[in-house]
Every structure is written in structure tokens, then in C-alpha cells.
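Listed below are the residues making up each chain.
2 protein chains.
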Amino acid sequence: MNGARSLVETLIASGVDTCFANPGTSEMHFVAALDQSAGIRCVLGLQENVVTGMADGYWRIAGKPACTLLHCGPGLGNGVTNLHNARRARSGIVNIVGDQATYHRPFDPPLTADTEGLARTVSAWVHVSTQAAQVGRDAAAAVQAARTYPGQVATLVLPADASWNEGGVVAAALPVPEPAPLDPHAVERAARVLRVHGGKVLLLLAGAAVQAEGQALAWRIASATGAKLMADFVNPKLARGRGRLQLERVPYKSELAIEALKPFDHLVLVNAKAPVGFFAYPNLPSIQYRSDAQVHVLSRPEQDAVEALRALADALDAPEAALPDPGPRPQAASGEPTSDKLAQTVAALMPEHAIVSDESVSYGRGFYKASHAAPPHDWLHLAGGAIGDGMPVATGAAIAAGGQRRVISLQADGSAMYTLQSLWTQARERLPVTTIVLNNRSYKILLGEYQGVGATPGPTAHRMLDLADPDLDWVRLAQGTGVDAARATSMDQCADLMRASFVRSGPFLIELMV
Amino acid sequence: MNGARSLVETLIASGVDTCFANPGTSEMHFVAALDQSAGIRCVLGLQENVVTGMADGYWRIAGKPACTLLHCGPGLGNGVTNLHNARRARSGIVNIVGDQATYHRPFDPPLTADTEGLARTVSAWVHVSTQAAQVGRDAAAAVQAARTYPGQVATLVLPADASWNEGGVVAAALPVPEPAPLDPHAVERAARVLRVHGGKVLLLLAGAAVQAEGQALAWRIASATGAKLMADFVNPKLARGRGRLQLERVPYKSELAIEALKPFDHLVLVNAKAPVGFFAYPNLPSIQYRSDAQVHVLSRPEQDAVEALRALADALDAPEAALPDPGPRPQAASGEPTSDKLAQTVAALMPEHAIVSDESVSYGRGFYKASHAAPPHDWLHLAGGAIGDGMPVATGAAIAAGGQRRVISLQADGSAMYTLQSLWTQARERLPVTTIVLNNRSYKILLGEYQGVGATPGPTAHRMLDLADPDLDWVRLAQGTGVDAARATSMDQCADLMRASFVRSGPFLIELMV
Chain U
1 MNGARSLVET
11 LIASGVDTCF
21 ANPGTSEMHF
31 VAALDQSAGI
41 RCVLGLQENV
51 VTGMADGYWR
61 IAGKPACTLL
71 HCGPGLGNGV
81 TNLHNARRAR
91 SGIVNIVGDQ
101 ATYHRPFDPP
111 LTADTEGLAR
121 TVSAWVHVST
131 QAAQVGRDAA
141 AAVQAARTYP
151 GQVATLVLPA
161 DASWNEGGVV
171 AAALPVPEPA
181 PLDPHAVERA
191 ARVLRVHGGK
201 VLLLLAGAAV
211 QAEGQALAWR
221 IASATGAKLM
231 ADFVNPKLAR
241 GRGRLQLERV
251 PYKSELAIEA
261 LKPFDHLVLV
271 NAKAPVGFFA
281 YPNLPSIQYR
291 SDAQVHVLSR
301 PEQDAVEALR
311 ALADALDAPE
321 AALPDPGPRP
331 QAASGEPTSD
341 KLAQTVAALM
351 PEHAIVSDES
361 VSYGRGFYKA
371 SHAAPPHDWL
381 HLAGGAIGDG
391 MPVATGAAIA
401 AGGQRRVISL
411 QADGSAMYTL
421 QSLWTQARER
431 LPVTTIVLNN
441 RSYKILLGEY
451 QGVGATPGPT
461 AHRMLDLADP
471 DLDWVRLAQG
481 TGVDAARATS
491 MDQCADLMRA
501 SFVRSGPFLI
511 ELMV
Chain X
1 MNGARSLVET
11 LIASGVDTCF
21 ANPGTSEMHF
31 VAALDQSAGI
41 RCVLGLQENV
51 VTGMADGYWR
61 IAGKPACTLL
71 HCGPGLGNGV
81 TNLHNARRAR
91 SGIVNIVGDQ
101 ATYHRPFDPP
111 LTADTEGLAR
121 TVSAWVHVST
131 QAAQVGRDAA
141 AAVQAARTYP
151 GQVATLVLPA
161 DASWNEGGVV
171 AAALPVPEPA
181 PLDPHAVERA
191 ARVLRVHGGK
201 VLLLLAGAAV
211 QAEGQALAWR
221 IASATGAKLM
231 ADFVNPKLAR
241 GRGRLQLERV
251 PYKSELAIEA
261 LKPFDHLVLV
271 NAKAPVGFFA
281 YPNLPSIQYR
291 SDAQVHVLSR
301 PEQDAVEALR
311 ALADALDAPE
321 AALPDPGPRP
331 QAASGEPTSD
341 KLAQTVAALM
351 PEHAIVSDES
361 VSYGRGFYKA
371 SHAAPPHDWL
381 HLAGGAIGDG
391 MPVATGAAIA
401 AGGQRRVISL
411 QADGSAMYTL
421 QSLWTQARER
431 LPVTTIVLNN
441 RSYKILLGEY
451 QGVGATPGPT
461 AHRMLDLADP
471 DLDWVRLAQG
481 TGVDAARATS
491 MDQCADLMRA
501 SFVRSGPFLI
511 ELMV
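Here the protein sequences line up with chains U and X, keeping their order. Residue numbers in the first sequence follow the UniProt record's numbering, run continuously in steps of one, and reach 514 at the last position. Residue numbers in the second sequence follow the UniProt record's numbering, run continuously in steps of one, and reach 514 at the last position.
In case anyone wonders, no lab produced these hints; they're calculated from the structure. It is possible that some hints are incorrect.
[Claimed, not checked] Pairs of lysine to aspartate or glutamate residues, derived as EDC-like cross-links and limited to a Cα-Cα distance of at most 20 Å, are as follows:
| # | chain 1 | residue 1 | chain 2 | residue 2 |
| --- | --- | --- | --- | --- |
| 1 | X | K369 | X | D340 |
| 2 | X | K273 | X | D183 |
| 3 | X | K253 | U | E248 |
| 4 | U | K273 | X | E178 |
| 5 | X | K273 | U | D108 |
| 6 | X | K369 | X | D325 |
| 7 | X | K64 | X | E248 |
| 8 | U | K369 | U | D484 |
| 9 | U | K253 | X | E259 |
[Claimed, not checked] Some chain X residues close to chain U (C-beta under 7 Å, calculated; not the full set):
| # | residue |
| --- | --- |
| 10 | W125 |
| 11 | L447 |
| 12 | G448 |
| 13 | E449 |
| 14 | P470 |
Glycine is no exception: its CB is placed at the ideal position from the N, C-alpha and C atoms.
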């Protein structure tokens, strides 16, 4: 068998069953091998940042890596920004990047680029597989790297001749590495801090700590000690709704974050990072917690947060504690659209076990409080700050859920334009995704930032921050990609469209004029 | 003044008058400085690969660099693939990449990435300007690097504090570096080869050699010696039409290129590279010329091709020679669309001094022969092979021409999807761009490549190479971005729409069903 075939068979043996792809000439033998072996679902994306973003969303829901198929350095380049986001989300992804044949590369034909250099900027693991006989072994290592706790980007570069040459050998799956062991001293230290300082301690949660089991353990600890709980601002996935914690994230805006963190003498980090500003500002400190606060690390991202919380709860002899009741589920709102009303309406109408992919940027900062009383759902955030991840993540999440969960994709107009090609894949794969584009016709977040510079935008600045002239028409854009769509100018219309879309089998887009 | 202001003033002093931008928070002081200083036209692109591609197109027509404004490593990442194309086109571009403040970067907030690592994969010059006092000096050096013959990608990374801190100093423009000196021995050697082997010599032209003056000199040499002339396959810009040479490029397909180059015992390269396959194939050699042919370098890309050709013509005492008459201008075609008929119709209808941005991929390989008798025009090709450059290049070229030249953007449906956000910028800037999307509902080039593997696509492969299900509707997509559009199913309709669009002041899109 050739190298390509050994690659496909090894991926299947290692548990990879989905390939997000935008292939080119140098990948044709891999495509042919996918044709020959059953067991991998191939999903085409019409631009590579859609492809890599889908793989990110897939991991967050499936909890196992998909592979991508990318064409040479430039194909990887198109997808590199959502790999940045995936790296920040700690998503496991196996990138397969086809490239020039080993003997052809020295001639430097036009598509030749620094593929490894590009890959290294976003990958924890990079390898070039130069011989057919080694492709299988390298593919198994790539999957292992991607599954290294909590998840990593692994990139395997595959020169065309390693793909087409005979001599391929299928490799067995390699063991999934265990999380790094806990530090018992860290558990003891955290327990002591909590016992002594109780109400002045913030337990800052991230990773597995904000899934259902981690939340329940954190609540036990908080109930026993008076500590407060908060989630890191950057959270690729939070378990939310009834039966989950009424958890808020550290606010995005540094002024608000500093205010929120001011009461705490101690921060105990559970797989979280100590809160710092997304950006620096001349008049604000980099860190958002008090400079005299003490920071303790219970567990690092490569350790198991649930195990750490359990050890801590045990060390504190914290009894079981029922999660507080969030009260009645809100009703759908009516009248003029506002951020609060949208949050309320989404909470009112979302089906059970929905997945929310949230790239609503400035409009959606206060979405959480309304959805405590919604049915249980998962909330996916943009983790790396680079807009254009939300729609691909929604698409990949829907694939991972096998079409069995409704995905609600909350999009700002500016970010939606980055990867609108995602809609076509949603249509092709008949995915149950309801996209709500919040059309405010501006980079609203930047208008705020500009004012932070201490000036009102003049005509030049205004035209760089404003998305009007011409107005984007999201209904036509969606229809152009094969996705049915409609415009809503009131919450009543929006609610009606949401209800109707939630019982469709395929995608739908609502353009909400805000 | 702050660093940002010194940057803007230095760019203006160095002759930069256009900024293609997609700013973010870390660039707000630069945006504010653009507001304060007159002299730079700012053009917003809704995704960074549009931004960098526009800068590429701008250089090709203006012959001087624009700057880009990109947001952190991930913003650069989104634009890195069209920077690859620009690098291959040898376009001069000054990238300004705003980044985390120097003191904030160690905290590793989410958008932090390996900005320099990304920049190095595509830039000839990379520098991080860490102090306000040095920003002006560094900006002048960046422009000088971009203008280094024949043109280079230069990337200046600007941490936010270098931008907002006081102490900025405006720097004077640095001299534009001269092309590398010619090698007189190379001229003598080429003259000797031409004298002795005449008709068995191919003069392979690229860069300035395929502009009007270079073509006239090459024709003198060919007429005097019997040598044949051909253009490199990769040509960012060719002067074409009446009064220019009836030049063909080395064919894309290796089989055809090998056939076309078979007659030649000698290749004389004029800023061109020795022809090699775009990709390797198991049954074909990497090089496309005969293995016993001798390759001679008259001039390298960093040398002045026109000067080299003039020296060669003089060494050969080649007399003036009138360019052959291309015959009558073709008429617009009618009936079923075909590639030949489209070429004929474009040639029949294009206004004087039009600019053609050609990313028609598989459909457009034979477009040249019809347009020899068209009015003089410039033809811009995808130079780096990474699809998604054509529409941004068309947009940037229209900006460079100050709205005075009609731009005809020939697009394949697959490549058009990569950077369709370009259309919005065309609408906002009221650019005279006529886009013709050749909707064949497939990655046609890849269907051909797949057959080269020796198999017919099975269902898996078919779904990765096919763009139907659902069909893209380019009329709606264009309208969604604010660009008027219509569909043509016959050449008659297409010709009517072209005629009507050529007298509009703004953009128009024709979806040609092929």
C-alpha cells in the first residue's frame, strides 16, 4: 500500500473518524485513499480558516481529534488563525498538510512556502514525514500528540511522494497520555488558604473545572469555605443552564475585571491563568487582580482539574451541596432588540442540550445571567481572541454532535464576515445550526476602544470602524451560500424565527437588526 | 508627538499614500494618527487576506508600496497567504502589524502569537520597533526594504506602547536602492549563444522584460537572431494587446510545457526562473526543459531586465523591429459559453488601458490568443499559486489606478469564495471593477488532477472536489455585499452585461454559468 493509504488506515485505527478538508493537487493520493477506506467522514470547507475552525469546534464537543486536510504552506496559512484560536482553546487537532514532493521542493515552485515555519507558530507538535514507510508511524504519533491532555495542535507535513510511494505500513494506535500528576502540596496549600481566608478567596476555574462535574465539586468547596467562584474569561466550553453553576466569567473590560477582582486577597487557579488584560492600556495595569493579592496554583492546564477539585474538596471535608435554584425560565422578549432581550429569548427558547457558539463580541457580554434557568446546554467561546472562529466552531460542533443537538451560533456582523463560507458547509451537511447575526453595521468594539484613546473618530477613523456604506445584507449572503434566512427587526420576529428554525433539520440564519 | 504619529508622518514622507487596513485595539493610536495627518487614503478590508491582496494589486499598478494595517499575529495570520502570493509576485508591501505592548506581552494574553515567526515566513525584512523614538527610523527602513528592486514584503511589528508613547521622531525618506548591477559576462555569453544557435534558443522573459519596453527589446533580439520568446508561467503583470508582443506563457500543465520547450537547446533567462512543474508527478520530471538543454542567466530577478535586454540587443547590433500586427480585433461571441468565446468577448469589449486580474484557473488557460488585438491592457496573474488573490488584487489595482482604468476580474467560483469580502470594499470605494465569476460548480482543476492519480472519483472524493449541493448563487452573494450583479447563461447576455458594466462608475458582478 502507498503512504497515503497507510495514513488513512492509521488515522482510523487511532480513532479519527472525521476529516475537515480543502485539498489540492499534492493531496490527491490522500483523497484517493479516503475513497478506498471506509470510516472517515469528509467535510469540505471552502476556505481553510473554516476547515481549521470546524476541527476546533469538533474537538470541543466530541472530545477527540478530527484531522484536517490542507494544501501546502499557503493552505495552512489560510487556516493558521483559527489554529491560533484552537491552540488557545487547547483543542486537539491533527493537521495533515500535503506539500511538494521531497525531490521537487528544491526547485522552489510557486506554492512552495515555509510550511514548517508556519506550522510551528501554532502547533505543539510538527513533523515532516519524508518516507512512505514512516507515514503510518508518524500519523499515530500525531494523534497521540493531539490527544495529550488537555489537547494540542499537531501538524504532520506530508510531501506528495511520501503519499504516493509504496511501502506504507499501518501503525497501531498509541496510548493516550495521562494528564500530568497533581501536586499534593498544591492541594494542601489551597486547602489551608481556603480554611483561613474563606470569603476573601476566589477560586478561578477553567478547562474541565467548568464542566458539570468540576462545577459541582467547586460548589462544594465554595459552600464549605465561603470562597467565591468565577470562570476564566477564556473558556472554550462551559456547561450551563439548569443543574449547572450560575458562574460568571471574569469581565472582558479591564476596568470591570479590576472591580470584580478587588475583594479578593487570594486567587486559587484551577487550570486557569491569573487574569490579565486582553490588551494593555496606558492608564491601566496589566494584571487585573490586586497587586497585593496572592496567587496560588491548584492545578495547571495539563493537570486534571476535576481530580484536583476532588482532592481539594476531600482535604476540606466539604459536604455535598445542592446547586442553587436559578428560578423560573425567562419568557421570550418582545419589542425593540436589545442585548438583554436577546439573551432572555435565547434562554427561553433553546432546546435541551443545545450548543451555543458565542462570537457576539461586544453585544453579548451580558448573555449569561438570563440562561441560568435554561435547559442544560454547552456554551462555546472564542478562546484565542481572533474573530472568525464562531461560525466554523458552530459547524464543527454540529458535526461532532451527529446532527442530534441544536447549535445556536451568535455572531457579530464584523466577525461573521471573516468566515461566512462556513454557511455553505452547514447547508451541504444539513446541519441543525441556527445562526443569529447581530447586524450593528460597525466594529462596535473598536468604536469603544477608539474612544479609549481619548478622541472621537474623525472621518478617516470612522470609515475604518464602520461597516455601513454599503450595508451588508445577511439574508442574501446566506441565501447565496444555500442557507435559508430571514431578517428580524423586533424581538417578536426574532423569537418566531428562532422557534421555526429549532424544528428544522437544516441550517437557518436570522439577521437581527440591532 | 507619539510613535504612531511619527510613523504616519514618516510613511507620508517616504511616499506611501495608501493604507489597506483591518485594525484592532492595539492599532487605535495608529488609527488616531491617520485621522490627524492628511495624506494617506485608508481602505478597509473585511478580512486580512483581502487587505494584503489589495496591497499586492496596488503595487503591481502603482509601482510603489502601500502599507497594510493588521491586528496582532492572528491578523497577520489571516493575511499571510496573500503575502505569500505577493512575495512570489515580488510586490513591495509595508506591513504594519500592531501588537501587544512590550511589557504586556510576557503575560501572554489570548491574542498573543508568534508574530515575528509568522512574518518571517513571507517577508524579506522583519523588524519589531520597541521604542517610540525609533518608530520613524524603522518605518523609513521598512519602506526602503519594500522598494528594494524588484519589490519585497517588509513587516514592521509595532507594540502598542511604542505607538502611544511620546518621543516619536519623523524620519526622512531613505534612498530607493538601485537594481543589482548587470553581469557583462552574462550579456556576452547570451549574445554568443544567440549568434551561434539562433533558432534553437528560447529567451524566457519575466518581470520588467514582459512590460512594453522590455517586450520591444526582446522582439528586436528575436528578429535579429531567430530566437523564440516566451513568458514565464508566473507573471504578476504582463503588458498585452495591440502594440505589445504576442507572447505566450510557458503552459501550466507539465506535459504541455515539456512539449513546448522540447525544441530548445538553450534557454536564456531574463529575470525568469528555469521552468519546473508547479507540482511533481510520479511519471514526469521536475524540470520542463530538455535535460540536455543549456540554461543561461542573462539577468536575475534583482537585476534590471530592460537594461539587460538593451545591452544584449546592442551587443548583437539588433536593428529596430516592428512588432507583428495581431490582425483585426475579435467580435463579441454569442451562444453557449465556452472558454474561447469568453476570451474573445473580453478582447472585443474591454476599454483602452483596462486591467485584467486573472484568477480564472482551469477555465482561462487559453485566454491570451484572443486578446493580442485588443486595445493595450495589463494582465495580472496569480503569482504564488494560492487561490484567493484575484479579487483583492483587482480591488487594489483599481485603487492604484485612481478609478481611471476599468478592472476586469476573471474569477473561478472556487477561488472567488476565498476572498469574496473584496466585493464589499469595491462597493464602498465605488471602484470600476467588473467581476466575471465562472461558475462551474466544482474545483475543476482538481477533478483533472484526481484523474491523474489514475482513478475516477468515488463518492468521498467527489464531494471534496465538487461545489454543487448546494449551488452557490453569486448574484445574491454580490448583492449581499452591496455590489450589483446579474447572471448570464449565454455569451450574448454576458456581452450585454459587460458592455453595461463598463460604463458604470462602480463595481458589477456577472455570474457566468459555464
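Hints, verified against the model:
Simply put, K369 of chain X and D340 of chain X have alpha-carbon atoms about 9 Å apart, close enough for the 20 Å limit, and the pair holds. Distance check on the hinted pair: K273 of chain X and D183 of chain X sit about 17 Å apart at the alpha-carbon level, within 20 Å; holds. Proximity of K253 of chain X to E248 of chain U is assessed by CA-CA distance (about 58 Å); at most 20 Å being required, the pair is judged violated. This hinted pair does not check out: K273 of chain U and E178 of chain X have alpha carbons roughly 51 Å apart, beyond 20 Å.
Of the supplied pair hints, the one linking K273 of chain X and D108 of chain U holds, its CA atoms being roughly 10 Å apart against a limit of 20 Å. With a C-alpha separation of about 13 Å, the suggested pairing of K369 of chain X with D325 of chain X holds against the 20 Å cut-off. A hinted pair counts as satisfied when its Cα atoms are at most 20 Å apart, and K64 of chain X with E248 of chain X does not qualify at roughly 27 Å. With a C-alpha separation of about 30 Å, the suggested pairing of K369 of chain U with D484 of chain U is violated against the 20 Å cut-off.
Annotation: proposed proximity of K253 of chain U to E259 of chain X is violated, straight-line Cα distance about 64 Å (limit 20 Å). Of the supplied interface hints, the one on W125 of chain X is violated, with its beta-carbon coming no nearer than about 15 Å to a beta-carbon of chain U, more than 7 Å. Among the interface hints, the one on L447 of chain X is violated; its C-beta lies about 10 Å from the nearest C-beta in chain U, farther than the 7 Å criterion. For G448 of chain X, the suggested interface contact is broken, since its CB lies about 9 Å from the closest CB of chain U, more than 7 Å.
For E449 of chain X, the interface hint holds, the least distance from its beta-carbon to any beta-carbon of chain U being 5 Å, beneath 7 Å. The interface hint given for P470 of chain X is met, as the beta carbon of that residue sits about 3 Å from the closest beta carbon of chain U, less than 7 Å.
Against the hints set out earlier in the document, violations occur for numbers 3, 4, 7, 8, 9, 10, 11, 12.
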